[in-house]
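Given the structure of chain A, go ahead and fit chain B onto it with the hints provided.
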Amino acid sequence: MIELSNVSKTFTLHNQGSAVIEVISDVSFAVAPGECVALTGASGAGKSTLMRMIYGNYLTQAGAIRIGDVDLVQAEPREVIALRREVLGYVSQFLRVVPRVPTLDVVAEPLRALGVSAEASQARARALLTQLNIPVRLWSLSPTTFSGGEQQRVNIARGFSHTYPAMLLDEPTASLDATNREIVLSLIEEAKGRGAAIIGIFHDEAARDRVCDREIDVSRFTPKAAA
Amino acid sequence: MTPLLSVQGVTKRYGAHIGCADVSFELYPGEVMGIVGESGSGKSTLLNCMAGHLTPDAGQVVFDTRADGPRDTVTMSEPERRMLSRTDWAFVHQHARDGLRMGVSAGGNVGERLMAVGERHYGDIRSKATDWLERVEIDAGRVDDRPTTFSGGMQQRLQIARNLVTGPRLVFMDEPTGGLDVSVQARLLDLLRGLVRDMGLSAIIVTHDLAVVRLLADRLMVMKSGRVVEAGLTDQVLDDPQHAYSQLLVSSVLQV
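Residue numbers (this note's numbering), protein chains in the order written: chain A, 5 to 231; chain B, 2 to 257.
Pulled out of the complex, with its shape left as it was, chain A reads as follows:
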């Protein structure tokens, strides 16, 4: 479902003496439907960079990143937009929303963008928010004022509202208590069960061992000169 072949990335800092930093070189791996793969490596090894390259908000200099039948490296912006709407879900560490929009609408939005009716999208959003223990009295408020853990759960609810065939999870359990962590892990297992291909970054080792089938150590792709 997700397939990387010979992927490399460099950053060129034009305003800092045109320094060229090689961050990742020659990455190849594939993730099958129903499989969850963890990216591991020390802080700064390039886990998040690699994940952003797969999502397409970091530009890839060489190689191919194939998700379904689209090569993200060559794709036009509108193809990437369609891919993100329909196929590729992403749960980032931070929630970025238009201020003033109620939590319920934030969670329902990915489905609304797919053309699902307002009622059906909100019904799904309610179910997820209930499952993730977000109190009903908060649903009509904007999540911008919520606590870190609440924001993260809203973010997860939003990321799981549509049943994406491919998902990227950046530390989905980082600031959660034991009960909610358990719920998120079961959501991930459920997604695997329906055949989603998942790539995740988990600092929580127990969580990683439970949901991930394989680990990929990103530091082996980091060029030696830069290490």
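The set of hints was computed from the structure by calculation and includes no laboratory data.
Just so you know, these numbers come straight off a predicted model, no measurement behind them.
Keep in mind that the hints are not guaranteed to be accurate.
To be verified - Chain B regions said to be covered by chain A (calculated; three or more residues, Cβ under 8 Å): (1) 190–199; (2) 211–222; (3) 240–254.
We put the beta carbon where it would ideally sit given N, CA and C, even for glycine.
Frame of chain A, contents of chain B only:
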């Protein structure tokens, strides 16, 4: 799929000075594109060339018309272009006063555009105008008040209602949130996003506010000295800018 708007090699000079030079891109139905750059970079010149307010010195602006398919709007006759700007296009000015008739009631401002496309039934016009005021969150009771009695944010929303009432397919926006305070800005952004999604609009938004483009635009073009220096997905250009100028622009934003 046919692009809704296809811009090829658009150039506009002011004497020896370059307004914008050799700009080309395609915009597909439902896409929202942002154009950013410092003042004087040519963003507004480009927008005005596309919307037919300025005649480019070179290049084509091909719009996919409902009746005849793709047509170059630069070479079409003035009445045809004017008809497009009343039906399929909308233009939201930075200053609402430039896009509204200040001496006419709010309902009249919205109704005027309907009459321009041939509506004549007073009751229909009034009920559509009232409906649109409510959609942009202006109390229906204010329908007979003049925009001079409205706040800046309300005037901007009225301008949007006036523009969208005829169901355009392409909206040009010149700094739509400029000059509004942040709480009003947030409300307007939320409104615009909903309208774009529900009406399937395409839009081109000129702004210098990177936070606005991140929330509204799918794609982004960065302009400097009249030329496009970088273009791509909005979050790619903002998170991983490639050109020296885009890097400077992104790194110059103050963190709140």
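Against the structure, the hints:
no.	hint	result
1	190–199	holds (count 4)
2	211–222	holds (count 4)
3	240–254	holds (count 8)
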